[in-house]
Amino acid sequence: MAKIGVFLSQHRNSNDTLDRLSKGSFDVVLVQNGVYCAAIKENGQSSPVLGRGTKVYAMSEDLVSRGIEPSQVASNVTVVNFDGLVDLIFNEFTKTIWL
Amino acid sequence: MIKKIAFVVDKMPYKSESSRLTLTHAIASQTVEIHLDDGDNVEPVLAFIGEGVLNCLKNQKASEVYGVTTLESHIKNALLTDIKLLICEEDVKKYGLTEDQIIMDAEDIGADITSELVPFSEIMSAMELADHIVYS
Chain L
1488 MAKIGVFLSQ HRNSNDTLDR LSKGSFDVVL VQNGVYCAAI KENGQSSPVL
1538 GRGTKVYAMS EDLVSRGIEP SQVASNVTVV NFDGLVDLIF NEFTKTIWL
Chain V
9 MIKKIAFVVD KMPYKSESSR LTLTHAIASQ TVEIHLDDGD NVEPVLAFIG
59 EGVLNCLKNQ KASEVYGVTT LESHIKNALL TDIKLLICEE DVKKYGLTED
109 QIIMDAEDIG ADITSELVPF SEIMSAMELA DHIVYS
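Chains as they are written, first to last, in the working numbering: chain L, 1488 to 1586; chain V, 9 to 144.
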């Protein structure tokens, strides 16, 4: 089933809308400051955004801009570049939302 | 008269211009003497707290990707202009960062001073001692 692409552009540990979305209905795409969720462990804990059982993508350009190498992100995060993101939007997502 | 100004950054880089503008003002404060009367000057201190410590990560490549100057280059320029630069060690630890991931010096561009990882209490003292605070 085609999914919703949920873009997170802020570094937040919770989001009311994200919390209420049906599991399996969406994938998360971390962009801009959202990419900190992929690599920064606050108080030793990975971001809860990564622990939802959904597929999580992070934009490589936004990572390296902020001094984070793709090799530093959590193992359950898939790093994609701009071209990869375009492929995702066209091939995997029927709709996108920006939280 | 010397006016102490504390420039405090607690916002992340790039999403907004907030931290960049604070750094720009801090660096500009080092040249403001030419517009002041004899004997007057500004003594800046620049501090990074909370999410603001993420501005201090090394190896930022925003110039290649976004076509903008990196916050890393602004921080190094602040060190080059001898601005006292404090980074909250509790917040660096909170985000799981280590000293080797943080911009601690700007030797590559000829800066003599280094960043200081300090407890928040020291940054609080700097804010208390300051005549003005620029907080963003």
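Careful, some of the hints might be misleading.
Within a straight-line C-alpha distance of at most 25 Å, the following computed BS3-like cross-link-like pairs (lysine-lysine) qualify [said to hold, decoys possible]: (1) V:K66 - V:K101; (2) L:K1490 - L:K1510; (3) L:K1510 - L:K1542; (4) L:K1582 - L:K1528; (5) L:K1542 - L:K1528; (6) V:K66 - L:K1528; (7) V:K66 - V:K92; (8) L:K1528 - V:K69; (9) L:K1490 - L:K1582; (10) V:K12 - V:K66; (11) V:K101 - V:K23; (12) V:K12 - V:K69; (13) L:K1542 - V:K23; (14) L:K1582 - V:K23; (15) L:K1490 - V:K69; (16) V:K92 - L:K1528; (17) V:K12 - V:K92; (18) V:K12 - L:K1528; (19) L:K1582 - L:K1510; (20) V:K102 - V:K92; (21) L:K1510 - L:K1528.
Simulated from the structure, these hints should not be mistaken for lab results.
Cross-check of the supplied hints:
no., hint, result
1, V:K66 - V:K101, "holds (16 Å)"
2, L:K1490 - L:K1510, "holds (11 Å)"
3, L:K1510 - L:K1542, "holds (10 Å)"
4, L:K1582 - L:K1528, "violated (30 Å)"
5, L:K1542 - L:K1528, "holds (19 Å)"
6, V:K66 - L:K1528, "holds (17 Å)"
7, V:K66 - V:K92, "holds (18 Å)"
8, L:K1528 - V:K69, "holds (21 Å)"
9, L:K1490 - L:K1582, "holds (7 Å)"
10, V:K12 - V:K66, "violated (28 Å)"
11, V:K101 - V:K23, "holds (23 Å)"
12, V:K12 - V:K69, "violated (33 Å)"
13, L:K1542 - V:K23, "holds (24 Å)"
14, L:K1582 - V:K23, "holds (24 Å)"
15, L:K1490 - V:K69, "violated (32 Å)"
16, V:K92 - L:K1528, "violated (28 Å)"
17, V:K12 - V:K92, "holds (12 Å)"
18, V:K12 - L:K1528, "violated (35 Å)"
19, L:K1582 - L:K1510, "holds (16 Å)"
20, V:K102 - V:K92, "holds (23 Å)"
21, L:K1510 - L:K1528, "holds (23 Å)"
The structure does not agree with the numbered hints 4, 10, 12, 15, 16, 18 stated previously, though it agrees with the rest.
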